[in-house]
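Residue numbers (the numbering used here): 1 to 74.
Errors might be hidden in some of the hints.
As the list claims (entries may be wrong) - Distance windows between CB atoms, simulated:
#, residue 1, residue 2, range
1, A60, S27, 27 to 35 Å
2, E43, R9, 16 to 24 Å
3, V19, S61, 15 to 23 Å
4, T55, L23, 17 to 25 Å
5, E36, S61, 17 to 25 Å
6, A33, A60, 30 to 38 Å
7, R51, R4, 14 to 22 Å
8, A1, A29, 12 to 20 Å
Keep in mind the hints are simulated off the structure, nothing from the lab. Virtual Cβ for every residue (Gly too), placed ideally from N, Cα, C.
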Amino acid sequence: AVLRAALERLPEQQRKAIVLRELQGASYAEIAAALETTQGAVESLIFRARRQLATSLRVASPAFDRRGALAVAA
């Protein structure tokens, strides 16, 4: 639920790019074709989406570390 809410807050192009990459396994070239943009633009979209998701997840739950990954006690 937290991840879904964080995804929904992303700008549309960032959301599409990150979903295509991380959930559907699309290559940067495939994403660029689907979004009718360049691979460089896709790289930027994904970078910004990951950064925003990490921030959103960290704010939503202290269980996420600064990268947005689940923190695991050693």
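Cross-check of the supplied hints:
1. A60 and S27 have their C-beta atoms about 30 Å apart, which keeps the hinted 27 to 35 Å range intact.
2. Under the hint 16 to 24 Å, the C-beta atoms of E43 and R9, about 21 Å apart, fit the expected range.
3. The given range of 15 to 23 Å is respected by V19 and S61, whose C-beta atoms sit roughly 21 Å from each other.
4. For the pair T55 and L23, the beta carbons lie near 20 Å from each other, so the given range of 17 to 25 Å is met.
5. At roughly 35 Å, the beta carbons of E36 and S61 sit outside the given window of 17 to 25 Å.
6. Checked against the given bound of 30 to 38 Å, the beta carbons of A33 and A60, roughly 33 Å apart, stay inside it.
7. For the pair R51 and R4, the supplied restraint of 14 to 22 Å holds, since their beta-carbon distance comes to about 18 Å.
8. For the pair A1 and A29, the beta carbons lie near 33 Å from each other, so the given range of 12 to 20 Å is not met.
The structure shown violates the earlier hints numbered 5 and 8.
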